[in-house]
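Student: Residue numbers (this note's numbering), protein chains in the order written: chain C, 1 to 348; chain B, 1 to 348.
Keep in mind the hints are simulated off the structure, nothing from the lab. Fair warning: there could be bad hints in the mix.
[What the hints assert, rightly or not] Straight-line C-alpha distance at most 27 Å; calculated BS3-like pairs for lysine-lysine:
1) B:K284 - C:K29
2) C:K284 - C:K246
3) C:K66 - C:K84
4) B:K29 - C:K284
5) C:K209 - C:K291
6) C:K209 - C:K249
Number of protein chains: 2
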Amino acid sequence: MSRIRTHNLCFLGFGNVGRALVRLLESKKRELRECYGIRWRITGVATRRIGWTADARGLRPDGLLKDVFISSEGQQRGKRLPGKSRNIREWLRAARADVLFETTPLNRHDGQPAVAHIRAALESGAHAITANKGTIVFAYEELARLARRKGKRFLFESTVMDGAPIFSLFRESLPATELRAFRGILNSTSNLVLSQIEAGLSLEEAVIKAQELGIAEAEPSDDLDGWDAAVKVAALSAVLWGIPLKLDKISRSGIRALDPAVIRAARADGRPYKLVCSARRVGKRVKASVKLQQVDPSDPLAAVDGTSSCVEFRMDALPSLTVTERDPGIETTAYGMLADFIRAVRES
Amino acid sequence: MSRIRTHNLCFLGFGNVGRALVRLLESKKRELRECYGIRWRITGVATRRIGWTADARGLRPDGLLKDVFISSEGQQRGKRLPGKSRNIREWLRAARADVLFETTPLNRHDGQPAVAHIRAALESGAHAITANKGTIVFAYEELARLARRKGKRFLFESTVMDGAPIFSLFRESLPATELRAFRGILNSTSNLVLSQIEAGLSLEEAVIKAQELGIAEAEPSDDLDGWDAAVKVAALSAVLWGIPLKLDKISRSGIRALDPAVIRAARADGRPYKLVCSARRVGKRVKASVKLQQVDPSDPLAAVDGTSSCVEFRMDALPSLTVTERDPGIETTAYGMLADFIRAVRES
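So here's chain C without its partners, still in its complex pose (with noise of 0.2 Å):
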């Protein structure tokens, strides 16, 4: 067993999934503690209310999930208001950061403030872990090989399939494969449109009923049109062949063009619509779309419903694998940091 470390946490953004982390990094405290080495302290929290939160001596868990930032020595002390800083590079100083948590909002056009964010705390010293895609499908090259320079890692796996393993599979389980194309249902709002649809729903109450579920957001543009599965083959594209896409390069269609009642005749023939992301390496270039098509019974797409996702990687020598993720939740996303978490403190 290695030496026991504590690690400084910063949480930029703080929403359902800072939370879900926070309450996920409590109750695998002793495992982490036992198996890996590793103690956490909560050092910082920034979000666009409270602005730029920080203690290096620990805000404490349980007050931050109630919206309460206590130092972990406030209960001796009384409440004692950690400080405030002006901006991130003041904020990750003064919390003393040796990893920040990055899960503010994904920016299609490009990618910020999140790219900024990351620079800083790579450049600040500390790893930098994101369930943001920008931050990929803008700046993966420059990113990656500024955490390279200063020997930290950039770790992402929250931002393609919630937190299942996707990257970390290509870069720790497949060594020596060439990749020759992927294909699969990334986008969870518009599948669970989708079943919706199929099962009498209109897009109108489907997309409601998303809503309701906590899954489609407000404003559910992105999901619908394509948008956010776009940005994810970008994401897949950028790191697993090192070539960027140009969101607007990827063909694309989303989901309100069709018929209820098309959808529905579709499924009830066994050969459902789904929104297929595919991508295929062609020499140096990437050719890739997002499209609604049917899929044949025989398809393993055709049985990825609701919340659910898959991908389908084609290789040399593995023709054909396919990760599937069945009803995920925040949980799940949480999960995929608290990963990237042990993986860069464990191995740098």
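Given the coordinates of chain C, work out where chain B should sit on it, guided by the hints.
Tutor: Just chain B now, with coordinates in the frame of chain C:
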């Protein structure tokens, strides 16, 4: 990039898998050298027919594939028969083995002589890589401990689902997860035979077809009666839970019991019969079975046909993660051993 090192490889058993591995090593030669700092030469081959053949200067791979055993220097010096040893220890020494690839057939009663082979290899200071499930089912704990003590690796990715990453997925990509249960289709022969029966063949015809395709063995009882599947369940339990299972404690049915008409009717009804492996952890024990049963159309197992296989893992943080491998070939099994080889020499 790490320094380039040459590794002496020994093959114990040299059938289809061993030969496919030699071809794969040849085709990946440049990538292994440039990306992983790995050079290799084959210094030992042993089979029942040819005995313990070794030459520490290396045997010519092209010759081996034609059953001609010539030293690497043979071209210049004329054909020269490599040395013969009397037993595995002498052979490993004569070959100066760094890595043993073990591909002898399964003995489902006590795992021998494969267990003894792996033990000898590790004791001699070589990494041991096997495609033989018996070694895990009967001696996982002992061999893993011996490997740790010797600072070598005992790896076995090709024992379950050909070369698809299952063990390495858990070892490397799923830290801090609690595996609660798994379920899958793990025997290609019986799955192919079921698919052929569904397509109209009788059991006997389906078996002959599977034999013609090179999938089923001359004596296919172990596959048809669920023994091979049970061995795989026991292998997964031993490694992923550290709990060895006695094969006769796994409740087991084969695929011969049902009338082909019943199998065809179930498929027509959309609820095909599958030989389903399952295991669930209950406290410190494991409840496991191999059962011919109908699966729902929405069940991912329903779409796993022919020689394809799959396994679904249920974990605390990831409620359901399924790995599916479609249309594997002998190259896939060879790939699993290649990946283990890279892992072993990279990490040691």
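Student: Check the structure against each numbered hint from earlier and tell me which ones fail, lowest number first.
Tutor: 6
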